[in-house]
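2 protein chains.
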Amino acid sequence: MAAITPKYSINAESMKKSQIREILKLTQQPDIISFGGGLPAPETFPVEELRAASERVFVKHAARALQYGTTEGDKALREALLAYEASHGVNAAPENLLITSASQQALDMLPKLFLDPGDWVIAGRPTYLGAIQAIQAYRGKILGIPFGPENDGFDMAELERRYTAAKKQGAKVKYIYVIPDFQNPTGICWSIKKRKALLEFSYREELILVEDSPYREIRFMGESVPSIYQLDCEGAAQGNVINLKTFSKILAPGTRIGWMLARPDIIDKFITAKQSMDLCTSPFTQLWLAEYMAAGKLEEVVGRTRAIYQKKRGYMLEQLERYMPARDDISWTKPEGGLFLWLTLPSSLNADELLFKAIEKKVAYVSGSAFYFDDPEYNSMRINFSYSSLEQIGEGVKRLASVIKEALA
Amino acid sequence: MAAITPKYSINAESMKKSQIREILKLTQQPDIISFGGGLPAPETFPVEELRAASERVFVKHAARALQYGTTEGDKALREALLAYEASHGVNAAPENLLITSASQQALDMLPKLFLDPGDWVIAGRPTYLGAIQAIQAYRGKILGIPFGPENDGFDMAELERRYTAAKKQGAKVKYIYVIPDFQNPTGICWSIKKRKALLEFSYREELILVEDSPYREIRFMGESVPSIYQLDCEGAAQGNVINLKTFSKILAPGTRIGWMLARPDIIDKFITAKQSMDLCTSPFTQLWLAEYMAAGKLEEVVGRTRAIYQKKRGYMLEQLERYMPARDDISWTKPEGGLFLWLTLPSSLNADELLFKAIEKKVAYVSGSAFYFDDPEYNSMRINFSYSSLEQIGEGVKRLASVIKEALA
Numbered sequence: 267m268a269a270i271t272p273k274y275s276i277n278a279e280s281m282k283k284s285q286i287r288e289i290l291k292l293t294q295q296p297d298i299i300s301f302g303g304g305l306p307a308p309e310t311f312p313v314e315e316l317r318a319a320s321e322r323v324f325v326k327h328a329a330r331a332l333q334y335g336t337t338e339g340d341k342a343l344r345e346a347l348l349a350y351e352a353s354h355g356v357n358a359a360p361e362n363l364l365i366t367s368a369s370q371q372a373l374d375m376l377p378k379l380f381l382d383p384g385d386w387v388i389a390g391r392p393t394y395l396g397a398i399q400a401i402q403a404y405r406g407k408i409l410g411i412p413f414g415p416e417n418d419g420f421d422m423a424e425l426e427r428r429y430t431a432a433k434k435q436g437a438k439v440k441y442i443y444v445i446p447d448f449q450n451p452t453g454i455c456w457s458i459k460k461r462k463a464l465l466e467f468s469y470r471e472e473l474i475l476v477e478d479s480p481y482r483e484i485r486f487m488g489e490s491v492p493s494i495y496q497l498d499c500e501g502a503a504q505g506n507v508i509n510l511k512t513f514s515k516i517l518a519p520g521t522r523i524g525w526m527l528a529r530p531d532i533i534d535k536f537i538t539a540k541q542s543m544d545l546c547t548s549p550f551t552q553l554w555l556a557e558y559m560a561a562g563k564l565e566e567v568v569g570r571t572r573a574i575y576q577k578k579r580g581y582m583l584e585q586l587e588r589y590m591p592a593r594d595d596i597s598w599t600k601p602e603g604g605l606f607l608w609l610t611l612p613s614s615l616n617a618d619e620l621l622f623k624a625i626e627k628k629v630a631y632v633s634g635s636a637f638y639f640d641d642p643e644y645n646s647m648r649i650n651f652s653y654s655s656l657e658q659i660g661e662g663v664k665r666l667a668s669v670i671k672e673a674l675a
Numbered sequence: 267m268a269a270i271t272p273k274y275s276i277n278a279e280s281m282k283k284s285q286i287r288e289i290l291k292l293t294q295q296p297d298i299i300s301f302g303g304g305l306p307a308p309e310t311f312p313v314e315e316l317r318a319a320s321e322r323v324f325v326k327h328a329a330r331a332l333q334y335g336t337t338e339g340d341k342a343l344r345e346a347l348l349a350y351e352a353s354h355g356v357n358a359a360p361e362n363l364l365i366t367s368a369s370q371q372a373l374d375m376l377p378k379l380f381l382d383p384g385d386w387v388i389a390g391r392p393t394y395l396g397a398i399q400a401i402q403a404y405r406g407k408i409l410g411i412p413f414g415p416e417n418d419g420f421d422m423a424e425l426e427r428r429y430t431a432a433k434k435q436g437a438k439v440k441y442i443y444v445i446p447d448f449q450n451p452t453g454i455c456w457s458i459k460k461r462k463a464l465l466e467f468s469y470r471e472e473l474i475l476v477e478d479s480p481y482r483e484i485r486f487m488g489e490s491v492p493s494i495y496q497l498d499c500e501g502a503a504q505g506n507v508i509n510l511k512t513f514s515k516i517l518a519p520g521t522r523i524g525w526m527l528a529r530p531d532i533i534d535k536f537i538t539a540k541q542s543m544d545l546c547t548s549p550f551t552q553l554w555l556a557e558y559m560a561a562g563k564l565e566e567v568v569g570r571t572r573a574i575y576q577k578k579r580g581y582m583l584e585q586l587e588r589y590m591p592a593r594d595d596i597s598w599t600k601p602e603g604g605l606f607l608w609l610t611l612p613s614s615l616n617a618d619e620l621l622f623k624a625i626e627k628k629v630a631y632v633s634g635s636a637f638y639f640d641d642p643e644y645n646s647m648r649i650n651f652s653y654s655s656l657e658q659i660g661e662g663v664k665r666l667a668s669v670i671k672e673a674l675a
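If you read the sequences in order, they're chains A and B.
Under the working numbering, the residues of the first sequence are numbered 267 to 675, in order.
Under the working numbering, the residues of the second sequence are numbered 267 to 675, in order.
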């Protein structure tokens with residue numbers, strides 16, 4: 267009897283594996299210098315304080331931490347997060363908040379709740395791969411909008427042009443997805459002008475606007491810009507902005523805890539979806555973070571993380587300047603925060619193909635093409651500067667430069 | 267300007283909130299005796315050993331535990347689980363195993379990977395509410411099969427009859443979902459004869475067979491029956507069985523860790539789906555459980571849990587015997603394991619309506635109707651015996667009996 271062939275759904279056939287996740291495996295080989303993953307620096311993890319917080323959970327809340335919890339999240343963490351938001355100028359009520367199993371769960375819930383197959387999402391060209399994958403898994407489509415030449419947000423004229431054209435062809439656009447603070451993959455930070463313009467656009471077109479803010483707190487230079495969620499709250503208060511936050515970049519990704527801010531009726535819909543997805547996020551990890559936050563050291567850790575990344579980013583820019591061929595058609599972004607910069611190569615080069623040579627030379631990155639939903643550009647690389655040591659950054663940039671020089675030769 | 271109305275997907279409109287989750291909230295009122303939730307007994311949690319294991323994670327693996335991990339799961343826990351399975355007579359290779367964010371995530375992945383809207387799943391009538399909700403969220407349908415009068419599995423003649431009728435009407439059936447060991451909600455354990463018959467049926471009809479086994483280890487009397495996954499491995503090895511396991515009932519639900527066994531190509535498809543759903547399950551909680559398992563005390567804890575539940579189950583049966591009206595049309599199952607029994611009332615009574623009276627009298631259960639995908643029966647209750655103390659069981663049964671007596675009067 268021949269083995270049975272599973273009959274998958276149409277959606278399943280359109281799911282794609284992530285290049286990044288495969289590259290993450292490479293980073294486990296000790297001799298590769300990886301600029302690939304989006305990994306925070308392990309030296310930023312406050313191990314001792316997290317250990318002490320975990321200890322307190324066992325002493326104070328063992329039965330609650332080890333039991334099932336409510337879908338919306340544990341009260342202690344919810345309260346701590348509302349206080350944290352308030353201290354950052356965001357006034358939200360309990361019914362505006364949902365704990366998620368890190369932001370990726372929220373990114374999975376969005377297309378699940380909003381997209382019928384063939385529906386559209388407006389997003390950057392390029393944008394975060396995990397969002398693209400989640401949308402693809404529901405057969406959603408992405409209307410990609412390029413960034414303006416000033417690297418301060420979408421090219422708004424292009425947004426209008428592409429949106430109008432798509433609507434004319436009958437496209438059902440359901441939401442906008444942006445990462446205004448130090449975007450993954452480009453490191454771009456949106457100006458207040460562009461944030462306001464996008465918010466106005468979302469009002470006019472009656473679209474949900476998803477603001478993904480994993481790196482917002484990781485600004486190491488320049489001045490903070492209000493979040494789009496704040497701009498809506500303090501302005502027309504249309505309540506169409508959904509803000510995604512996570513501990514992954516401000517504390518530790520291994521916690522797998524994120525949170526979402528939105529209008530109560532929208533939060534309620536997400537709670538219903540989350541029930542059937544995982545019942546609840548781990549009460550243990552939630553209480554662990556609540557205990558950690560109660561100790562009042564989070565801001566200090568974020569400050570230290572900022573300083574570390576600023577140094578690494580500065581050193582990487584220096585090394586790029588030093589080793590990369592000096593040509594007008596090779597350039598890179600100079601982010602004021604976050605974990606990534608974006609390197610653009612001459613259009614004759616293909617970063618997908620270069621990756622094999624880079625790995626031979628024991629350096630890795632993510633090819634820029636991974637961050638396009640369709641019609642990718644191949645002459646770019648996402649470079650992570652948070653994970654590697656200064657020494658590795660120096661050596662890795664040297665290796666990468668030699669790969670590029672050889673390809674140009 | 268009026269607030270924007272979100273335009274949800276068709277799938278989102280068919281999502282339903284869980285009565286159980288709402289009832290869980292009631293259990294937080296201290297004066298209610300709740301037989302509602304599926305909560306393990308807190309006294310079974312090995313708090314001190316879990317604390318020590320967590321401590322060891324910080325000492326030995328802090329950076330790995332706090333970082334992102336691979337989607338398939340941490341190596342240490344994967345190895346511990348393969349050894350655990352082997353010690354229970356299940357020989358699986360690493361490529362047969364996927365760590366999930368508890369079983370509910372697997373229950374969400376199943377319809378995501380297998381169902382197009384309108385596709386069918388064969389499942390018990392009644393069956394686990396969380397599985398029903400997950401299927402509904404993708405607009406799947408359930409072909410409900412009643413259990414035979416011997417409470418040893420499906421009524422196989424009914425299975426054939428309903429399946430043939432559904433196929434004749436063009437139904438696309440994609441998988442079978444069963445909980446053969448101490449089913450939620452009825453407590454029924456499938457006989458080996460019925461397990462084999464269902465496996466043969468799945469071979470003949472070339473269907474994926476999902477065996478959900480959260481309670482398998484919680485057998486406190488009678489003899490263990492091979493799992494359907496084992497029967498397939500040791501027999502025709504068609505590889506069409508997917509087995510879902512979890513720490514929720516054998517250790518602590520707050521860990522939110524489960525695992526899945528299946529054929530490598532099926533596991534690979536689930537890894538792709540999981541990538542876009544949560545990137546990875548918390549490496550911290552995974553390493554925590556790996557450390558806990560390495561200490562070799564899990565079997566002891568499960569043994570203690572069995573003894574506690576056997577006592578509670580026995581006491582509940584005694585009290586039901588003592589207080590429930592002695593009538594042929596009031597009966598309950600006498601499960602040999604698990605957390606639940608199923609109480610059937612005269613068909614004139616409606617357990618949905620009785621619930622309000624029960625809550626007035628400070629006792630709660632889940633109305634049986636919640637466990638039907640369609641055309642529910644209203645004269646049954648799911649009664650949990652794991653969570654309450656013996657004293658609460660005694661008092662709660664008394665209260666419940668008085669609610670029923672009053673309704674009959």
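Simulated from the structure, these hints should not be mistaken for laboratory data.
In this text, a Cβ means the ideal position worked out from N, Cα and C, and glycines have one as well.
Some hints here could point you the wrong way.
Stated by the list, open to error - Away from chain B, derived, C-beta distances all over 12 Å, residues of chain A: (1) Lys282; (2) Glu321; (3) Thr337; (4) Ala463; (5) Ala502; (6) Asp531; (7) Pro549; (8) Leu553; (9) Ala561; (10) Asn616; (11) Glu672.
Unchecked claim - Under the rule of at most 27 Å between Cα atoms (straight-line distance), these lysine-lysine pairs were calculated in the DSSO-like manner: (12) A:Lys433 - B:Lys273; (13) B:Lys623 - B:Lys600; (14) B:Lys664 - A:Lys282; (15) A:Lys326 - A:Lys563; (16) A:Lys283 - B:Lys434; (17) A:Lys434 - B:Lys600; (18) A:Lys273 - B:Lys563; (19) B:Lys563 - B:Lys459; (20) A:Lys326 - B:Lys434; (21) B:Lys623 - A:Lys438; (22) B:Lys326 - B:Lys341; (23) A:Lys283 - A:Lys326; (24) A:Lys282 - B:Lys563; (25) B:Lys326 - B:Lys273; (26) A:Lys341 - B:Lys628; (27) A:Lys438 - B:Lys462; (28) A:Lys600 - A:Lys577; (29) B:Lys433 - B:Lys407; (30) B:Lys623 - A:Lys273; (31) A:Lys341 - B:Lys462; (32) B:Lys326 - A:Lys273; (33) B:Lys341 - A:Lys628; (34) B:Lys407 - A:Lys273; (35) B:Lys623 - A:Lys326; (36) A:Lys671 - A:Lys628; (37) A:Lys283 - A:Lys577; (38) B:Lys341 - A:Lys341; (39) B:Lys434 - A:Lys273; (40) A:Lys283 - A:Lys407.
- Message: So, against the hints stated earlier in the document, which numbers end up violated here?
- Response: Of the numbered hints given earlier, those the structure breaks are 1, 2, 3, 5, 6, 7, 8, 14, 16, 17, 18, 19, 20, 21, 23, 24, 25, 27, 30, 31, 32, 35, 37 and 38, listed in rising order.
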